[in-house]
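Enquirer: Chains as they are written, first to last, in my numbering: chain B, 1 to 114; chain Z, 1001 to 1115.
Calculated from the structure, these hints are not laboratory results.
A few of these clues could be false.
Claimed, not checked - In silico lysine to any residue, SDA-like type, Cα no more than 20 Å apart, as pairs:
no. : chain 1 : residue 1 : chain 2 : residue 2
1   : Z       : Lys1057   : B       : Glu95
2   : B       : Lys49     : Z       : Ser1102
3   : Z       : Lys1042   : B       : Val11
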Amino acid sequence: AQSVTQLGSHVSVSEGALVLLRCNYSSSVPPYLFWYVQYPNQGLQLLLKYTSAATLVKGINGFEAEFKKSETSFHLTKPSAHMSDAAEYFCAVSEGTGRRALTFGSGTRLQVQP
Amino acid sequence: EPEVTQTPSHQVTQMGQEVILRCVPISNHLYFYWYRQILGQKVEFLVSFYNNEISEKSEIFDDQFSVERPDGSNFTLKIRSTKLEDSAMYFCASASDGGSSSPLHFGNGTRLTVT
Chain B
1 AQSVTQLGSH VSVSEGALVL LRCNYSSSVP PYLFWYVQYP NQGLQLLLKY TSAATLVKGI
61 NGFEAEFKKS ETSFHLTKPS AHMSDAAEYF CAVSEGTGRR ALTFGSGTRL QVQP
Chain Z
1001 EPEVTQTPSH QVTQMGQEVI LRCVPISNHL YFYWYRQILG QKVEFLVSFY NNEISEKSEI
1061 FDDQFSVERP DGSNFTLKIR STKLEDSAMY FCASASDGGS SSPLHFGNGT RLTVT
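This is chain B alone, in the form it adopts within the complex (with noise of 0.2 Å):
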C-alpha cells in the first residue's frame, strides 16, 4: 500500500529564505509523486511532479523538487521565499501500476514572515 509523510504540519520562513518541506513516501512498486499548492478557500493545483525522468524536478512559481529513492523522499524547495508562497502544501503518490488514486500527506501550512 503507498502513503505518504509530510514531517512538520507548519513551516515558518522570512521572506527571501529557503522554503524546506519534507515529505517521504511508501510504495510497493516505483511511485509517481506529486506536490499540490491549496491557496486559501481554492482547489488543489499541481506545482510539479515526479514521474520516473530526471530525479531533479522543477515546477511553477520557482518550486523544485528531488526524488531520492534510497531515502524515499520527494522534499520540496525554493531558494527564496515569496510573501504570495503562503499557502498548504501537499505531497501526494500514485503507484505505477493498478491503484491509480493519489494518496495525499497530511499537508503542510507555509507561512512567510516579513
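Let chain B serve as the given structure and place chain Z on it in line with the hints.
Expert: Only chain Z this time, still in chain B's reference frame:
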C-alpha cells in the same frame, strides 16, 4: 486555462437530507474523481469514474454515496442521507488519461456543512 468547476461553493444541509454536489470537469478529460477533506485532516480519496462506471472506491464510499455522469459535461456526487461526519470540503478532479503519472486537475471544492 481550462478549469474544473464545482457548485455550490458552500452547501448547508440538515442531517438525514440528501445532497448532490456538482462538478463540470475539463471538457476533454475522461477520468473523474471525488476527494474530501475534513477540516484539519488529510485529503482523502473517495471514488474514481471512467467510461460511465466506478473504477475504484475507498472504504469511505459506502452505500450512502453515489456518483453519476448524467450528461456529457456534469459529474455529480450524491450523499443519500447525510450525517454530521459528512461535513467536509469535497473536491472534484479530472484527468486526461488513466496513467498514474497523469496529474489530476482539481476544482475549488464544495464545503458541505451538515447540521
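Enquirer: Taking the numbered hints from earlier one at a time, note which ones the structure violates and give those numbers from smallest to largest.
Expert: none
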